[in-house]
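Visitor: Note that the protein sequences, when read in sequence, are chains A and B.
Per the working numbering, the first sequence starts with residue 286, numbered consecutively.
Per the working numbering, the second sequence starts with residue 6, numbered consecutively.
Source of the hints: derived by calculation from the structure; they are not laboratory data.
Careful, some of the hints might be misleading.
[What the hints assert, rightly or not] EDC-like cross-link-like pairs, simulated, lysine to aspartate or glutamate; straight-line CA separation at most 20 Å:
id, chain 1, residue 1, chain 2, residue 2
1, A, K352, A, D385
2, B, K15, B, E92
3, B, K33, B, E128
4, B, K104, B, E34
5, B, K57, A, E302
6, A, K296, A, D411
7, A, K416, A, D348
8, A, K357, B, D122
9, A, K357, A, D385
10, A, K357, B, E44
11, B, K84, B, D71
12, A, K416, A, D436
13, A, K296, A, D436
14, A, K357, B, E56
15, A, K360, B, E56
16, B, K104, B, D40
17, A, K360, B, E27
18, A, K357, B, D22
19, A, K360, B, E107
20, B, K33, B, D101
21, B, K84, B, E56
22, B, K84, B, D113
23, B, K15, B, D29
24, A, K360, B, E18
25, B, K130, B, E10
26, B, K57, A, E390
27, B, K104, B, E92
28, B, K130, B, E107
29, B, K94, B, E128
30, A, K360, A, E333
31, A, K357, A, D411
32, A, K357, A, E390
33, B, K15, B, E128
34, A, K360, B, E34
35, A, K360, B, D28
36, A, K357, B, E27
37, A, K352, A, E450
38, B, K57, B, D40
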Amino acid sequence: MRWYWIDRFEKFVSGVEAVTIKNVTFSEEVVYDYLPGYSHYPHSLIIEGMAQTGGLLLSQLEDFTQKIVLAKISKAEFEGIAQPGDQLRLTARLLSRQTDGAIVEGHVEVNGQPMATLGLTFAILDDSFGKDQFFIPSDLCRVLRALRLFDVGVDADGKPIQVPEFLASAESAALQAAD
Amino acid sequence: MASSEEVFEKVQEALVDALGVEDDEVTKEATMVGDLGAESIDFLDIVFKLEKAFGITIPREELFPDDILTNAEYVQDGKVTADGLTELKGRLPWADLSKFEENPRVQDFGNLLTVNDLCRYVESKL
Numbered sequence: 286m287r288w289y290w291i292d293r294f295e296k297f298v299s300g301v302e303a304v305t306i307k308n309v310t311f312s313e314e315v316v317y318d319y320l321p322g323y324s325h326y327p328h329s330l331i332i333e334g335m336a337q338t339g340g341l342l343l344s345q346l347e348d349f350t351q352k353i354v355l356a357k358i359s360k361a362e363f364e365g366i367a368q369p370g371d372q373l374r375l376t377a378r379l380l381s382r383q384t385d386g387a388i389v390e391g392h393v394e395v396n397g398q399p400m401a402t403l404g405l406t407f408a409i410l411d412d413s414f415g416k417d418q419f420f421i422p423s424d425l426c427r428v429l430r431a432l433r434l435f436d437v438g439v440d441a442d443g444k445p446i447q448v449p450e451f452l453a454s455a456e457s458a459a460l461q462a463a464d
Numbered sequence: 006m007a008s009s010e011e012v013f014e015k016v017q018e019a020l021v022d023a024l025g026v027e028d029d030e031v032t033k034e035a036t037m038v039g040d041l042g043a044e045s046i047d048f049l050d051i052v053f054k055l056e057k058a059f060g061i062t063i064p065r066e067e068l069f070p071d072d073i074l075t076n077a078e079y080v081q082d083g084k085v086t087a088d089g090l091t092e093l094k095g096r097l098p099w100a101d102l103s104k105f106e107e108n109p110r111v112q113d114f115g116n117l118l119t120v121n122d123l124c125r126y127v128e129s130k131l
C-alpha cells in the first residue's frame, strides 16, 4: 500500500518552509470507509501528511540520508473537516533543528480557509537504531519526483535544489535494470 | 529582569504545554523525568519553548552534559568519579547535585533535573 498523504509540493524552501497540496477524493477508501455515511478525510491522516511534508523539509537538509521519524505531536487543533472535492494546503515551517531532532509548526487550510494548527517534533535517529536506510534510494527518488519536490524546491538563496547524486544514480541503475 | 516567580510561571507554562501535565503537577520540586514523565524527545520541545519564552539560546551541552557522563576519565564502574563531579558542578552550577553525589550512578543522572533546577538555569541566562 502506498502511504503518501500529500499529492505534490507547491513550495519548498530548504530549511525554512514547505507547502504541499492534498486533494480529497471519494475514491479513497479512507474517505469512504472511515465513518460510513459521513465521508470525510480523517484528521489523523492530515497529521501524517504534515509529518511527511515537514519530514521531507527536514530530511532534504542532509540530502535525504538521515533517518527521521515523527516522535511527538505536541499540538493538533482542528476546526472543521475535509470532504470529497476539498483541497488541503499544508504548510510546514521548520522552527528549530538540533542534531537529534527538530520542531515543525504546521498550518492547514481547506479550500483557502484555516482548518488546523499542528506542532510536530521529529527525532533524527543515529546508528544505534541500525544502519539501514528507511527507503530504497531509487524508490525515494521516484516519489520525490512524483511529488514535484525538485520542480519547486529552492535553497535559502532561491537557487533550485538538485537531486542528490546517490538518488540520481540509484534511479538510473533501477531504470537500466528494468530495460 | 524577571523575578524568580515570573521565571517559574513561564517555565511552568512551557512544561504544561510540552508535557501535557496539569499546572499543579509542575511544582518546583518535581523531577522532569520521574514526576512529569518527560522523555528524551520532550526536551527538544521544552528547550525550544524556553528559548522562545525567554529570548535566550540554550546550548544542548549546558543542560545535558553527555560528554562528561560518557568520558572514561570521569566515569568508573558506572559511577561518576570525584573529578567527574567537580566537572559536573562546574558545568551545571545551577543544579542541586547533593543527592546525586551520595550515589553518583550515571544511569540516575537523567532523573536528576527538577523544575527548580530548570528555573535556576534560566535565571542564570537572563
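Visitor: For every hint, state whether the structure bears it out.
Guide: Verification of the supplied hints:
| no. | hint | result |
| --- | --- | --- |
| 1 | K352(A) - D385(A) | holds, 10 Å |
| 2 | K15(B) - E92(B) | violated, 29 Å |
| 3 | K33(B) - E128(B) | holds, 14 Å |
| 4 | K104(B) - E34(B) | holds, 13 Å |
| 5 | K57(B) - E302(A) | holds, 19 Å |
| 6 | K296(A) - D411(A) | violated, 29 Å |
| 7 | K416(A) - D348(A) | holds, 16 Å |
| 8 | K357(A) - D122(B) | violated, 25 Å |
| 9 | K357(A) - D385(A) | holds, 13 Å |
| 10 | K357(A) - E44(B) | holds, 10 Å |
| 11 | K84(B) - D71(B) | holds, 14 Å |
| 12 | K416(A) - D436(A) | violated, 30 Å |
| 13 | K296(A) - D436(A) | holds, 9 Å |
| 14 | K357(A) - E56(B) | holds, 19 Å |
| 15 | K360(A) - E56(B) | holds, 18 Å |
| 16 | K104(B) - D40(B) | holds, 16 Å |
| 17 | K360(A) - E27(B) | holds, 16 Å |
| 18 | K357(A) - D22(B) | holds, 13 Å |
| 19 | K360(A) - E107(B) | violated, 40 Å |
| 20 | K33(B) - D101(B) | holds, 12 Å |
| 21 | K84(B) - E56(B) | violated, 32 Å |
| 22 | K84(B) - D113(B) | holds, 10 Å |
| 23 | K15(B) - D29(B) | holds, 14 Å |
| 24 | K360(A) - E18(B) | holds, 14 Å |
| 25 | K130(B) - E10(B) | holds, 16 Å |
| 26 | K57(B) - E390(A) | holds, 14 Å |
| 27 | K104(B) - E92(B) | holds, 16 Å |
| 28 | K130(B) - E107(B) | violated, 28 Å |
| 29 | K94(B) - E128(B) | holds, 17 Å |
| 30 | K360(A) - E333(A) | holds, 13 Å |
| 31 | K357(A) - D411(A) | holds, 17 Å |
| 32 | K357(A) - E390(A) | holds, 12 Å |
| 33 | K15(B) - E128(B) | holds, 11 Å |
| 34 | K360(A) - E34(B) | violated, 27 Å |
| 35 | K360(A) - D28(B) | holds, 17 Å |
| 36 | K357(A) - E27(B) | holds, 18 Å |
| 37 | K352(A) - E450(A) | holds, 18 Å |
| 38 | K57(B) - D40(B) | violated, 24 Å |
Hint compliance for this structure: hints 2, 6, 8, 12, 19, 21, 28, 34, 38 are broken, all remaining hints hold.
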